[in-house]
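Produce the entire structure from the sequences given, and follow the hints as far as they go.
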Amino acid sequence: MKKHIFFSALVAMAMTATFASAQDFDTKPTVRYDNEKEDVHFTVGARFMADGAYYHTDYTPLKSGVAITDARIRTSMSFQDWYFYADFDFSKGKFSQKNIFLQYALNGGESGYLKAGYYNDPSTMGNNTSRGSLHFISRAGSVNALSAGRQLGVTYKYYNDKFFFNQGVFAENKYNDQEDGYQGVTFGGRWLYMPINTDEQTLHVGAAFRYSRINTGVVENNVKKTSLEFGSSVQTYVDPFQFTSVTLPWAKNEFNVGAEALYRNEKMFLRGEYMFKYVNKERDDQTLFENQLGGSQSWTTLESWQNGNGLAPNRFHGGYIEAGYQIFGNGYKYDKHEGLLKGFDGRSLEIVARYNYLGLNDIRDNELYVLGRDQYYPADLVNGALKDYPSTSKSIGGGNMHSFTVGANYSFNKYAQFLLEYTYNRLDRDKYQYDKNIHTVQARLMFSF
Amino acid sequence: MFKNLIRLGITCSVALVAFSCENQDFTNVNEDVNRVDVKHLSPEMEKVRDYVPMYAVMAHRGSTFWTPEETEAAYRWAREMGADYLEADLQCSKDGVILALHDDNLSRTTNIEQMYGNDVPRTRVQYYMDRGMTAEQAQAQYEEDRKNFSMPYYAKSYMYEELMALDAGTWFNQDPATVEQARQGFSETHLYISTLEDLIRYAEGKKLARYTASDPEVINNQRKVGERKYTITNNPDGSVTYNFEYEEDTEGNSGNRPGIYIEFKESWLNPVTFEQDVYDELDRLGWNIITKPATETAHYKDGKVNVGNTNGKVVLQTFSLESLKRTSKVFKGQIPMCFLLWKGTAATDIKYDTPAGYASFINLGVDNLAHIIGPCIAGAPNNYPELNAPWQDYLISRSGMLNHPYSFDSREQMGKYFGEYNFGNSLYREHYLDGAFTNRSEMTIQYFIDQGVRPGTAATPVPDPNTLLDELGYVK
Numbered sequence: 021m022k023k024h025i026f027f028s029a030l031v032a033m034a035m036t037a038t039f040a041s042a043q044d045f046d047t048k049p050t051v052r053y054d055n056e057k058e059d060v061h062f063t064v065g066a067r068f069m070a071d072g073a074y075y076h077t078d079y080t081p082l083k084s085g086v087a088i089t090d091a092r093i094r095t096s097m098s099f100q101d102w103y104f105y106a107d108f109d110f111s112k113g114k115f116s117q118k119n120i121f122l123q124y125a126l127n128g129g130e131s132g133y134l135k136a137g138y139y140n141d142p143s144t145m146g147n148n149t150s151r152g153s154l155h156f157i158s159r160a161g162s163v164n165a166l167s168a169g170r171q172l173g174v175t176y177k178y179y180n181d182k183f184f185f186n187q188g189v190f191a192e193n194k195y196n197d198q199e200d201g202y203q204g205v206t207f208g209g210r211w212l213y214m215p216i217n218t219d220e221q222t223l224h225v226g227a228a229f230r231y232s233r234i235n236t237g238v239v240e241n242n243v244k245k246t247s248l249e250f251g252s253s254v255q256t257y258v259d260p261f262q263f264t265s266v267t268l269p270w271a272k273n274e275f276n277v278g279a280e281a282l283y284r285n286e287k288m289f290l291r292g293e294y295m296f297k298y299v300n301k302e303r304d305d306q307t308l309f310e311n312q313l314g315g316s317q318s319w320t321t322l323e324s325w326q327n328g329n330g331l332a333p334n335r336f337h338g339g340y341i342e343a344g345y346q347i348f349g350n351g352y353k354y355d356k357h358e359g360l361l362k363g364f365d366g367r368s369l370e371i372v373a374r375y376n377y378l379g380l381n382d383i384r385d386n387e388l389y390v391l392g393r394d395q396y397y398p399a400d401l402v403n404g405a406l407k408d409y410p411s412t413s414k415s416i417g418g419g420n421m422h423s424f425t426v427g428a429n430y431s432f433n434k435y436a437q438f439l440l441e442y443t444y445n446r447l448d449r450d451k452y453q454y455d456k457n458i459h460t461v462q463a464r465l466m467f468s469f
Numbered sequence: 220m221f222k223n224l225i226r227l228g229i230t231c232s233v234a235l236v237a238f239s240c241e242n243q244d245f246t247n248v249n250e251d252v253n254r255v256d257v258k259h260l261s262p263e264m265e266k267v268r269d270y271v272p273m274y275a276v277m278a279h280r281g282s283t284f285w286t287p288e289e290t291e292a293a294y295r296w297a298r299e300m301g302a303d304y305l306e307a308d309l310q311c312s313k314d315g316v317i318l319a320l321h322d323d324n325l326s327r328t329t330n331i332e333q334m335y336g337n338d339v340p341r342t343r344v345q346y347y348m349d350r351g352m353t354a355e356q357a358q359a360q361y362e363e364d365r366k367n368f369s370m371p372y373y374a375k376s377y378m379y380e381e382l383m384a385l386d387a388g389t390w391f392n393q394d395p396a397t398v399e400q401a402r403q404g405f406s407e408t409h410l411y412i413s414t415l416e417d418l419i420r421y422a423e424g425k426k427l428a429r430y431t432a433s434d435p436e437v438i439n440n441q442r443k444v445g446e447r448k449y450t451i452t453n454n455p456d457g458s459v460t461y462n463f464e465y466e467e468d469t470e471g472n473s474g475n476r477p478g479i480y481i482e483f484k485e486s487w488l489n490p491v492t493f494e495q496d497v498y499d500e501l502d503r504l505g506w507n508i509i510t511k512p513a514t515e516t517a518h519y520k521d522g523k524v525n526v527g528n529t530n531g532k533v534v535l536q537t538f539s540l541e542s543l544k545r546t547s548k549v550f551k552g553q554i555p556m557c558f559l560l561w562k563g564t565a566a567t568d569i570k571y572d573t574p575a576g577y578a579s580f581i582n583l584g585v586d587n588l589a590h591i592i593g594p595c596i597a598g599a600p601n602n603y604p605e606l607n608a609p610w611q612d613y614l615i616s617r618s619g620m621l622n623h624p625y626s627f628d629s630r631e632q633m634g635k636y637f638g639e640y641n642f643g644n645s646l647y648r649e650h651y652l653d654g655a656f657t658n659r660s661e662m663t664i665q666y667f668i669d670q671g672v673r674p675g676t677a678a679t680p681v682p683d684p685n686t687l688l689d690e691l692g693y694v695k
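Protein sequences, first through last, are from chains A and B.
Numbering-wise, the first sequence is residues 21 to 469 according to the working numbering.
Numbering-wise, the second sequence is residues 220 to 695 according to the working numbering.
Check the hints yourself; a few may be wrong.
What the hints assert, rightly or not - Label pairs and their computed distance ranges (CB to CB):
| no. | chain 1 | residue 1 | chain 2 | residue 2 | range |
| --- | --- | --- | --- | --- | --- |
| 1 | A | 91 | B | 641 | 26 to 32 Å |
| 2 | A | 267 | B | 355 | 54 to 60 Å |
| 3 | A | 104 | B | 254 | 53 to 59 Å |
| 4 | A | 64 | B | 254 | 49 to 55 Å |
| 5 | A | 231 | B | 568 | 38 to 44 Å |
| 6 | B | 514 | A | 321 | 25 to 31 Å |
| 7 | B | 245 | A | 267 | 23 to 29 Å |
What the hints assert, rightly or not - Derived EDC-like pairs (lysine to aspartate or glutamate); straight-line CA-CA distance at most 20 Å:
| no. | chain 1 | residue 1 | chain 2 | residue 2 |
| --- | --- | --- | --- | --- |
| 8 | A | 407 | B | 485 |
| 9 | B | 548 | A | 387 |
| 10 | A | 456 | B | 256 |
| 11 | A | 83 | B | 250 |
| 12 | B | 375 | A | 408 |
| 13 | A | 83 | B | 251 |
| 14 | B | 258 | A | 450 |
| 15 | B | 562 | A | 387 |
| 16 | A | 83 | B | 244 |
| 17 | A | 451 | B | 250 |
| 18 | A | 451 | B | 568 |
| 19 | A | 451 | B | 251 |
| 20 | B | 548 | A | 408 |
| 21 | A | 451 | B | 572 |
| 22 | A | 407 | B | 256 |
Unchecked claim - So these bits of chain A aren't anywhere near chain B, every CB distance computed over 10 Å:
| no. | residue |
| --- | --- |
| 23 | 91 |
| 24 | 309 |
| 25 | 414 |
Since the hints were made in silico from the structure, they are not lab data.
Built from N, CA and C at the ideal position, the CB exists for glycine as well.
Given below as structure tokens:
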């Protein structure tokens with residue numbers, strides 16, 4: 021028996037060098053099968069998160085309570101330079117597709133890794149950090165809103181002690197079940213430079229870019245209508261209501277740029293990220309104009325229709341700074357395979373803090389908002405701002421939110437952790453003009469193996 | 220240390236609960252109505268608001284139940300019935316006459332399809348010749364009009380003289396919804412599309428002057444018996460002025476002098492100067508209290524309605540956000556103004572009738588110098604959306620504005636919005652209205668009398684509606 025355990029440990033150490041850890045799980049699985057003769061290794065693991073939250077709002081109620089916010093099963097298999105990974109979530113009583121991918125280590129990993137399947141878009145640090153390794157109960161609101169989630173695609177990754185490059189190409193819809201349109205494409209990546217990277221401390225700075233062509237949508241009267249929606253909860257999962265959110269009809273091209281920095285040593289970490297999103301739009305004006313012809317009150321020229329149905333690009337941004345201090349434990353570790361801070365590792369206690377800003381208001385000057393219509397009215401210095409028709413405002417009032425979080429995380433051992441967090445959110449959104457102050461007190465019990 | 224952190228967390232949680240008084244665990248309308256911001260009328264605005272009598276009865280389009288709407292018959296009937304206001308919608312003819320007319324498309328309430336089809340009336344050539352054009356010029360202008368004729372049946376596409384040729388009464392006798400109230404008199408008496416001037420003269424106790432067999436114009440075959448008397452003056456600037464004639468209403472001589480409650484229709488139906496045009500027309504007709512304040516203050520006098528002789532004689536109203544803004548600039552809040560509410564998704568509708576959304580419309584009204592909110596009400600036969608729930612009335616009352624819901628057709632609706640069925644148990648006001656737009660003035664007036672809120676100085680008893688129509692000359 022001892023021999024078997026010892027052997028397994030050796031294999032695990034060897035695998036550490038050649039296997040990329042799954043982004044959503046950076047704890048090592050404990051249930052494993054190793055066939056050294058065939059060089060096949062198989063693992064099974066699971067993760068569970070139960071959250072409790074108490075919310076205090078000025079006006080719009082959030083539902084305080086408890087919820088299972090994560091319940092996953094994962095599995096992996098490796099064979100020589102090949103690595104397959106999959107995990108599935110069944111929290112809230114519903115199955116959902118999480119990661120599933122195949123990775124090939126080029127020249128044993130020395131020349132990088134090719135990865136194909138369904139997994140996180142690489143272009144932000146926050147979104148690529150596993151929920152189990154966040155050191156917070158939720159990702160920052162700016163990450164929730166402005167970063168891409170998992171996508172189906174191919175990436176090439178290369179890293180060494182100084183650099184980390186990860187870039188790829190992704191499809192728009194993993195199941196191709198869109199109502200209309202062939203799929204658009206996304207490409208982008210994340211590039212890091214690590215001037216300091218030792219066992220004791222790491223400093224990395226980086227940049228990110230992502231372009232997304234939105235091509236799927238719905239067809240009405242021979243016109244395909246694309247749309248883009250994104251937003252964030254108040255950094256919680258128990259009630260996912262989004263005080264900050266936008267819907268952008270006719271969105272066509274999405275450009276994201278970002279910058280990030282991370283420093284860690286044994287006792288503390290400090291990291292932050294800034295994200296900027298630019299969305300432009302396309303519309304088949306000619307067909308839409310012709311579709312509205314035929315009525316006594318139709319627009320009479322394409323130009324007049326376009327003037328009455330304005331279209332403009334929008335800009336949004338956000339960012340966060342996070343810090344942690346470990347009171348006791350095994351020290352903070354850096355995962356150079358992913359260019360990320362690792363999660364907990366054994367018994368530990370830490371305190372953490374975060375400031376997040378999410379800016380989803382893109383409002384033109386001097387416009388009037390009427391809550392009963394959830395509509396902005398263009399400024400008109402001659403007749404005043406109110407116009408019955410048309411509504412030519414190009415403003416988007418998705419909401420700006422500042423969030424301040426403090427928390428304490430206790431790891432009982434390498435498998436179980438308890439997180440406690442308080443967040444104060446300051447909201448500025450016309451639609452929720454009576455909600456300025458949103459407080460959340462949250463706790464999480466997490467178990468992962 | 221860990222225990223200390225837990226304690227800190229618990230302490231923070233308890234503190235949050237203890238110091239919070241805003242939090243609620245579900246969307247509670249009864250709480251939210253006191254949490255939303257509602258602007259209040261200024262003292263100057265309150266003074267103008269008080270020009271309007273409490274529990275005012277607005278005869279909606281005169282009456283849609285008993286008579287063809289917004290015609291001479293409807294307004295004479297409403298005046299004699301004792302309504303406080305004759306309610307009307309304002310539009311504009313192609314030659315600039317301000318009309319009292321509800322439908323923008325005239326197909327429903329006139330015989331325009333039979334008269335003119337989809338083309339410009341052929342009488343247009345003569346109209347232009349009467350304006351001083353040669354036959355060739357008139358024909359050329361007519362052809363130009365035909366080329367640009369894009370909205371057949373819309374009132375604004377026609378000269379008022381052309382509109383006067385239409386029969387606005389017979390449809391009422393044929394419509395299944397009103398045929399039970401049909402009267403031969405609504406066809407025999409030519410009922411015209413009304414003008415704002417007509418409306419005012421009806422309120423003043425007059426009726427249209429019509430040709431009789433002894434008039435020279437009739438004898439000379441220039442006019443027909445029963446046609447209204449008018450002339451048209453050609454102005455130097457190319458515009459025209461209609462000179463209508465009126466006479467004392469000898470059949471309807473109750474002495475009631477109601478006010479008028481006039482609505483600016485959707486902004487795209489009328490010229491951008493329409494509010495100013497109405498201001499000027501009220502001025503011309505002596506009904507603009509800004510330039511000619513009334514000397515009387517009693518809304519009722521000697522058992523008669525006297526609103527039309529007070530500063531409350533004109534109340535403006537609109538659904539249009541644009542018109543609301545323009546009205547505030549032209550009338551400056553010096554004439555009572557009602558901001559009408561309708562729930563829906565169209566350009567002027569209230570989409571979100573939550574306390575916050577509803578309050579935003581009230582605040583729009585206050586910001587734009589309105590004194591009254593006019594919400595739609597539920598109930599048969601119209602089954603409008605409900606925008607006058609008790610909490611909504613409460614929000615209106617918080618602003619200091621009056622609540623004039625529309626439109627009442629049954630006693631059950633009166634009872635519901637008067638709070639009769641709440642049996643004294645209510646979180647809100649006792650009555651959910653301060654006045655009522657009604658299609659059944661006889662019913663609403665009688666209800667207010669029965670409830671003891673109609674001043675004793677107002678007329679009683681309420682006339683029988685059918686007998687009154689007989690007396691006014693509209694034979695069954």
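Could you check the structure against the hints above and give me the numbers of any it violates, in ascending order? 1, 6, 15, 22
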